[in-house]
Structures are given as structure tokens and as C-alpha cells.
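Novice: Sequences are here, hints too, so could you generate the full structure?
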Amino acid sequence: AQSVTQLGSHVSVSEGALVLLRCNYSSSVPPYLFWYVQYPNQGLQLLLKYTSAATLVKGINGFEAEFKKSETSFHLTKPSAHMSDAAEYFCAVSDRNRDDKIIFGKGTRLHILP
Amino acid sequence: KAGVTQTPRYLIKTRGQQVTLSCSPISGHRSVSWYQQTPGQGLQFLFEYFSETQRNKGNFPGRFSGRQFSNSRSEMNVSTLELGDSALYLCASSLGLAGRHLNTGELFFGEGSRLTVL
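So the protein sequences, as listed, match chains U and P. Numbering of the first sequence is given in the numbering used here, commencing with residue 1 and proceeding in unit increments. Numbering of the second sequence is given in the numbering used here, commencing with residue 115 and proceeding in unit increments.
Careful: at least some of the hints might be erroneous.
Here are some chain P residues pointing at chain U (derived, C-beta under 8 angstroms) [claimed, not checked]:
(1) 156
(2) 159
(3) 162
(4) 170
(5) 200
(6) 201
(7) 204
(8) 223
(9) 226
(10) 229
For the chain U half of the interface with chain P, some residues (derived, Cβ under 10 angstroms), not all of them [as the list claims (entries may be wrong)]:
(11) 38
(12) 60
(13) 63
(14) 105
(15) 106
Capping the alpha-carbon separation at 25 angstroms, the derived lysine to aspartate or glutamate pairs in DMTMM-like fashion look like this [stated by the list, open to error]:
(16) 106(U) <-> 64(U)
(17) 106(U) <-> 199(P)
(18) 58(U) <-> 220(P)
(19) 127(P) <-> 225(P)
(20) 171(P) <-> 225(P)
(21) 49(U) <-> 199(P)
(22) 106(U) <-> 88(U)
(23) 106(U) <-> 196(P)
(24) 127(P) <-> 220(P)
(25) 171(P) <-> 196(P)
(26) 49(U) <-> 71(U)
(27) 106(U) <-> 166(P)
(28) 68(U) <-> 199(P)
(29) 69(U) <-> 220(P)
(30) 58(U) <-> 15(U)
(31) 127(P) <-> 199(P)
(32) 49(U) <-> 225(P)
(33) 171(P) <-> 220(P)
(34) 106(U) <-> 220(P)
(35) 49(U) <-> 66(U)
(36) 106(U) <-> 85(U)
These are computed hints drawn from the structure, not numbers from a lab. Cβ coordinates follow ideal geometry from the N, Cα and C atoms, glycine included.
Specialist: Here it is, written out as C-alpha cells:
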């Protein structure tokens, strides 16, 4: 069965600094991978997804993630943090070609320091 | 296009009571998934419904149940509430089954129903 591990339940970065949120997955078959963001008092919305095309995936709000099969990782990055990026971020995985559910990590809360 | 609508947004219940939460998916979406979100546990999968049939189920006790209607609207029910059931319950809809190839798994979430059990 697939699983997701997000390193760090809280990450703090200064405004303008690089954002790096880590995600490692486990899957018996090539996965679909996702990053979702949740702003306070809202549901989750999709930031970006990897579905076997380019390994470097660009998403909304300047975020991108790189699929690295050898490292079973799908880390989320943004070159320059903005105050509005403060939110909780969830990595998720699903197995391809299987009638299976989407599994989410426990989330990483991103804090932006002025 | 209207998004996913969940009702009620907030509710307070006492131990032993039951609760029913409702979810209206995006028009044309046939799959509805339910998740429980609690601090420290993240999102835990409850179940997924597609074409009125439960297609996937997470590791929750039988007190948690759901159903889907012919118009794709879904309800989930929790009976004999416990303090630990306090959580944000999120509903998400997708075109097809959430994990299937054709759909690529994108979920569209509602804002959730926040349940407090006293």
C-alpha cells in the first residue's frame, strides 16, 4: 500500500527566502503525486500534480516540485517566500491504474517571518 | 461553476449523540470522498462513493457510515459520538474514482464541517 511522509510538521522561513517542504512516498507502482494547500478555515486546493510527464512540475503561486524516483521524493519548493504563502501544505499519493484511494501526509505548516 | 458545498459548517454535539453531514459535489462529478482532519493526524481517509456505491473504505469503526444518492450528493453519519470524533470533516469530489488513471486523482475539496463533541 502507498504511504507519504512529510518531514517537519512546522517550517519557518523568512519572507523572500527559499521555501522547501519535504515529501517522501512509498508506492509499489509508479505513483501519482500531489501537493495541496490549505489556508485557514478553508478546504484544500491543488497546488500541483505529477502524473508521469515531466519530472519537474510547476504549480500555482510560483511553487514547483520535482519527482525523483531514485530518492522516492517529491519535495515542494518556491524561490522566494511571500507572507501569503503561510498555510498548511499536504503531500498526497495514489497508485496508478488501480482502484485505490488517495493518501495524504500529515501536513507541514509553513510560517513566514517578516 | 459552483464548488463543493458542505453543510453544516459548524456543529456541537454531546457524547452518545449521532450526526449527519452533507456534501454536494461539483456538478458532473460522480465521486465523493470523505476525510477526517485532526491536529497531528492530518487527513485520514474515511470512504469514497462512486455511482451510489462505496468503492473504498478507510480504517474507521462501523460507527462511521455514509451513502451517496443518485444526484451524487453524499452524506456521512457518525453514531454514538465520542470525544475523539471532534474534527474537521472534509468532503472532496472528483470526476471519476479518485485514484484511477483517467481521472489522475485531482480532488476538489469543500470547506469542511467542524464537529465538536462535548
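Novice: None of the hints should be skipped; say for each whether it holds.
Specialist: Now for the hints, and whether the structure bears them out:
1. A distance limit of 8 angstroms between C-beta atoms decides the matter here; for residue 156(P) the minimum to chain U is near 3 angstroms, and the interface restraint holds.
2. Against a cut-off of 8 angstroms between C-beta atoms, the interface hint on residue 159(P) holds, since the closest Cβ of chain U lies about 5 angstroms away.
3. Interface hint status for residue 162(P): upheld, as the beta-carbon distance to the closest one in chain U is roughly 6 angstroms, under 8 angstroms.
4. Contact between residue 170(P) and chain U, as hinted, is supported at the beta carbon level, the nearest pair being about 4 angstroms apart and thus within 8 angstroms.
5. With 8 angstroms as the threshold, the beta carbon of residue 200(P) stays out of range of chain U, its nearest partner Cβ sitting at about 16 angstroms, so the hint is violated.
6. Interface restraint check: residue 201(P) against chain U, minimum CB-CB distance 14 angstroms, threshold 8 angstroms, status violated.
7. The interface hint given for residue 204(P) holds, since its Cβ lies 6 angstroms from the closest Cβ of chain U, which is under the 8 angstroms cut-off.
8. Because the smallest distance between the Cβ of residue 223(P) and any Cβ of chain U comes to about 3 angstroms, under 8 angstroms, the interface hint for this residue holds.
9. Taken as an interface hint, residue 226(P) checks out: its beta carbon lies about 6 angstroms from the nearest beta carbon of chain U, inside 8 angstroms.
10. With its C-beta approaching chain U no nearer than about 15 angstroms, residue 229(P) sits outside the 8 angstroms limit, and its interface hint is violated.
11. Because the closest C-beta pair between residue 38(U) and chain P is about 8 angstroms apart, less than 10 angstroms, the hint holds.
12. Checking residue 60(U) against chain P by beta carbon gives a least distance of about 13 angstroms; that is not within 10 angstroms, so the hint is violated.
13. For the restraint placing residue 63(U) at the interface with chain P, the shortest Cβ-Cβ distance is roughly 16 angstroms, beyond the 10 angstroms limit, so the hint is violated.
14. With a cut of 10 angstroms, the hint placing residue 105(U) at the interface with chain P holds, because the nearest CB-to-CB distance is about 6 angstroms.
15. Hint status for residue 106(U) relative to chain P: holds, with the closest Cβ pair at about 3 angstroms, below 10 angstroms.
16. For a cut-off of 25 angstroms, the pair hint linking residue 106(U) to residue 64(U) stands: about 20 angstroms separates their Cα positions.
17. The hinted pair formed by residue 106(U) and residue 199(P) meets the criterion: a straight-line CA distance of about 17 angstroms does not exceed 25 angstroms.
18. The straight-line distance between the Cα atoms of residue 58(U) and residue 220(P) is roughly 15 angstroms, inside the 25 angstroms bound, and the hint therefore holds.
19. Between the alpha carbons of residue 127(P) and residue 225(P) the distance comes to roughly 20 angstroms, so the proposed pair stays at or under 25 angstroms and holds.
20. Restraint check: the Cα-Cα separation between residue 171(P) and residue 225(P) comes to about 22 angstroms, which is no more than 25 angstroms; the hinted pair holds.
21. Straight-line distance between C-alpha atoms of residue 49(U) and residue 199(P) comes to about 31 angstroms, which puts the hinted pair past the 25 angstroms bound.
22. For the hint pairing residue 106(U) with residue 88(U), the CA-to-CA distance comes to about 10 angstroms; that is within 25 angstroms, so the pair holds.
23. About 22 angstroms separates the Cα atoms of residue 106(U) and residue 196(P), which keeps this hinted pair within 25 angstroms; it holds.
24. Distance restraint check for residue 127(P) and residue 220(P): the Cα-Cα separation of roughly 32 angstroms exceeds the 25 angstroms cut-off, and the hinted pair is therefore not satisfied.
25. As the CA atoms of residue 171(P) and residue 196(P) are separated by approximately 20 angstroms, the hinted pair is consistent with the 25 angstroms bound.
26. Restraint check: the Cα-Cα separation between residue 49(U) and residue 71(U) comes to about 18 angstroms, which is no more than 25 angstroms; the hinted pair holds.
27. Restraint check for residue 106(U) and residue 166(P): not satisfied, since their Cα atoms lie roughly 29 angstroms apart, outside the 25 angstroms limit.
28. For the hint pairing residue 68(U) with residue 199(P), the CA-to-CA distance comes to about 37 angstroms; that exceeds 25 angstroms, so the pair is violated.
29. Proximity of residue 69(U) to residue 220(P) is assessed by CA-CA distance (about 21 angstroms); at most 25 angstroms being required, the pair is judged to hold.
30. Taken as a hint, the residue 58(U) and residue 15(U) pair is honoured in the structure, with Cα atoms around 21 angstroms apart against an allowance of 25 angstroms.
31. Taking the CA atoms of residue 127(P) and residue 199(P), the gap is near 10 angstroms; set against the 25 angstroms cutoff, the hint holds.
32. Note on residue 49(U) and residue 225(P): the hinted pairing holds, with a Cα-Cα distance of about 21 angstroms set against a maximum of 25 angstroms.
33. Note on residue 171(P) and residue 220(P): the hinted pairing holds, with a Cα-Cα distance of about 18 angstroms set against a maximum of 25 angstroms.
34. Distance restraint check for residue 106(U) and residue 220(P): the Cα-Cα separation of roughly 18 angstroms lies within the 25 angstroms cut-off, and the hinted pair is therefore satisfied.
35. In summary, the hint linking residue 49(U) to residue 66(U) is supported, as the alpha carbons are separated by about 10 angstroms, within the 25 angstroms threshold.
36. For the hint linking residue 106(U) to residue 85(U), the alpha-carbon distance of about 18 angstroms falls within 25 angstroms, and the restraint holds.
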